[in-house]
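Novice: Listed here are the chains, written in short residue letters.
2 protein chains.
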Amino acid sequence: MFRPLGQRCMLRSVKAAIISIGTELTSGLTVDTNSAWLALKLAEIGWDVGMHMTLPDDQTAIADAVRLAAAQSDAVLVNGGLGPTADDLTRDAIADAVGQPLRRDPELMQQIERHFQHMGRPMPDSNMRQAEVPESGSGIENTCGTAPGIRVASSGAMIYAIPGVPREMKVMFKLSVLPELAATDQTTRTVVRTIRCYGAGEAEMAEQVADLMTPGREPIVGITAKHAIISFRVIAKSAAAADADVAEIRRRLGPLVFGEEETQLQDAVGQMLLEHKVTVSVAESCTGGMLGTCLTDVPGSSAYFLGGVITYAYDAKTDLLGVPRDLMMRDGAVSGEVAGMMAAACRERFGTDLAVSVTGVAGPGGGTEEKPVGLVWFGLASSDGVSTHKRLIGTHLTRWEVRDRACKVALHLLRRHLLGNSR
Amino acid sequence: MFRPLGQRCMLRSVKAAIISIGTELTSGLTVDTNSAWLALKLAEIGWDVGMHMTLPDDQTAIADAVRLAAAQSDAVLVNGGLGPTADDLTRDAIADAVGQPLRRDPELMQQIERHFQHMGRPMPDSNMRQAEVPESGSGIENTCGTAPGIRVASSGAMIYAIPGVPREMKVMFKLSVLPELAATDQTTRTVVRTIRCYGAGEAEMAEQVADLMTPGREPIVGITAKHAIISFRVIAKSAAAADADVAEIRRRLGPLVFGEEETQLQDAVGQMLLEHKVTVSVAESCTGGMLGTCLTDVPGSSAYFLGGVITYAYDAKTDLLGVPRDLMMRDGAVSGEVAGMMAAACRERFGTDLAVSVTGVAGPGGGTEEKPVGLVWFGLASSDGVSTHKRLIGTHLTRWEVRDRACKVALHLLRRHLLGNSR
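So the protein lines, in turn, are chains G and H. Our numbering puts the first residue of the first sequence at 1, with every later residue one more than the last. Our numbering puts the first residue of the second sequence at 1, with every later residue one more than the last.
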């Protein structure tokens, strides 16, 4: 790194640098997740990332960083600072770095105008800045936003500028940048696979594959936990080696594995509901509609999800699901009895094969000695009858976390039920 | 940035650089959250962060980065690479960067030995490496791990090396590094304020405060857009200066501003519902419970949110809300007529002052020429009667985004209604 311009660092066949732009990043107000996402995508096509840099919205700082990175790397990926406003300085900084003036690209101007027509909104003049690219550079179409990307060559490196908004960044990178970089000839390609699990703790799952995770071993097997979903990542030099590890991890963890790559619990459950031709409805109290949101998050979920009720107030539980008011006045709404009634009535009301109910204490207030924040009761109604399940979802969790975990438990109950039926 | 060694970048009184070490970071396997945490802590004591850099476990790369950062900054915070293993190279790299040999610090050797005695474990010889510091440097005790930190001065900057493990890093930073940096005399402390807006595009809002966003102006005013919420950030040298800009932005944007700092639309709406003592219920189709989730995301929302129905299937709309089946068979479920009926029936069913309904095409499938993906109809029922509202929520959006935007439109309709009532 940081060798004089001209010289190249050739540790690997091809080397990239990632530069993230934004004072909200350097100030710590926002955590940069783009760099990690880009680095993983680059690894998949055999590109090694030599450094990440994060700079504030400061034209000189960005220009210096781009110049430096271009001297060290075969490709520089700059993300952020392409917006229409005065503090979006990436365009001007790249022009500085490559020593060229900016020109307005007619095609980009049309693309931006089309985008606004499409949205039926008038285009502010400031958006025309987004059609500017360095003299020898070209634009990259933004298929899901107004900010086009930039492509320009300098000191032997290709410089790409892409949006900072993760969704726009990811789409543009996959459509326009990745194919160009993948075309570069390389000595190594890395295969990255992800196995997604739910139903046990991170340490517990890690123990079952500890030998595969020995430092220095090939393939590299890593584990991460996010919102109670445990992901194993296999980084291998060949698809065959990756497949072997994925198969072994699946073998050892069995039903704890619900999918691979980006699969969510609701995707796995939805797939099973489809295969079993089973319909479902939900009755929610503390989750307030979040379980229905998860289930309908899956395209085509209307094939198995018919609907639900959000019975937040006592009256709603009584009027829509016939839960006796005096029962709740006596024992509260967080009990197995109430959860069971909710599920049974919901199943009847929507005429579904299955119905799930959730009632609990989401917090932060409302907890008691005997019913603390995080206590959640679940009901599962099927042709076999109604089962109720109690969970104390970790303490010290935020309101959102309690609700999110409760939805995952509910989805897990559905999955376990369907796994049982399928055996 | 990146000026020749010796010269200093004095944009602000005191300037720090953050360097994170680890191939797991540059490869994207782990997202670096330490940098953001450190930057926020530094801002609180008036330190401005000029750049973050992330380097792999490569001694030359780390040494070059430290040398460069030390030339640009008053303090350099290196985190990671202090472990006992062969790929922990931060100690050696810092020695390179400051041009000094490493020496074993007797005190650190005792601390490390004590730590292992404490854990009742024999100390591997390799851990003795962790007692090494550059000749003119000193160690920083690690009160919750074996890896001590390092403190050494070079080219006018203080260089600190702290562990990469977040828990150990945070404790050591707070106990030993923060007090030293806070003691540095400073001309400024930074005040950061955020103003949150909804109801117009980023460029449109930016134009209304363009003069405040001129590069180089003090305070710094930045704008970011995330999921249709526009945030203005004011970074000022004094609370008074920040207050003045916040007041001016609020004056110019009027009702587009719904809150400050972390406030969400549902917080603002919930506050108004509380103040007006107004209750609400929801009838959701395409959002599948997401609107209920938003409203109940607010602690204490049971004071105004009574419940809702997720009428995803036609039958559910007919059975729970009395929407005539033949009407939907003829015109489909995405229309003003259906939205209006849903809201009116929902209000009656839950006996609430207000009821909101959402029915639309979330996609990715199911769109037609006349009813494309992103078309959503809303109904708002109140004592004044029922109003219906049509929105074409941007094209090219994901299913999640269409649903998220639809919820925001619904919350905005509630807010506008309550603003009207409050005038």
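Simulated from the structure, these hints should not be mistaken for lab results. Each hint should be verified, as a subset may be incorrect.
Stated by the list, open to error - Just a few of them, taken from the derived set where beta-carbon distance is under 7 Å, the chain G residues facing chain H: (1) 23; (2) 28; (3) 45; (4) 46; (5) 84; (6) 127; (7) 178; (8) 254; (9) 316.
For glycine and all other residues, C-beta sits at the position ideal for the given N, C-alpha and C.
Novice: Each hint: holds or not?
Specialist: Going down the list of hints, with the structure as the test:
Interface restraint check: residue 23/G against chain H, minimum CB-CB distance 6 Å, threshold 7 Å, status holds. Proximity of residue 28/G to chain H holds as hinted, the smallest CB-CB distance being about 3 Å (cut-off 7 Å). Because the smallest distance between the Cβ of residue 45/G and any Cβ of chain H comes to about 13 Å, over 7 Å, the interface hint for this residue is violated. A cut of 7 Å between beta carbons decides the hint on residue 46/G: the least distance to chain H is about 12 Å, and the hint is violated.
Annotation: interface hint on residue 84/G holds; nearest CB of chain H at approximately 4 Å, less than 7 Å. The restraint placing residue 127/G at the interface with chain H holds, with a minimum CB-CB distance near 5 Å, inside the 7 Å limit. Because the smallest distance between the Cβ of residue 178/G and any Cβ of chain H comes to about 14 Å, over 7 Å, the interface hint for this residue is violated. For residue 254/G, the suggested interface contact is broken, since its CB lies about 25 Å from the closest CB of chain H, more than 7 Å.
The closest approach between the C-beta of residue 316/G and any C-beta of chain H is roughly 4 Å, which is under the 7 Å cut-off, so the hint is satisfied.
Hints 3, 4, 7, 8, counting from the list given before, are not met by this structure.
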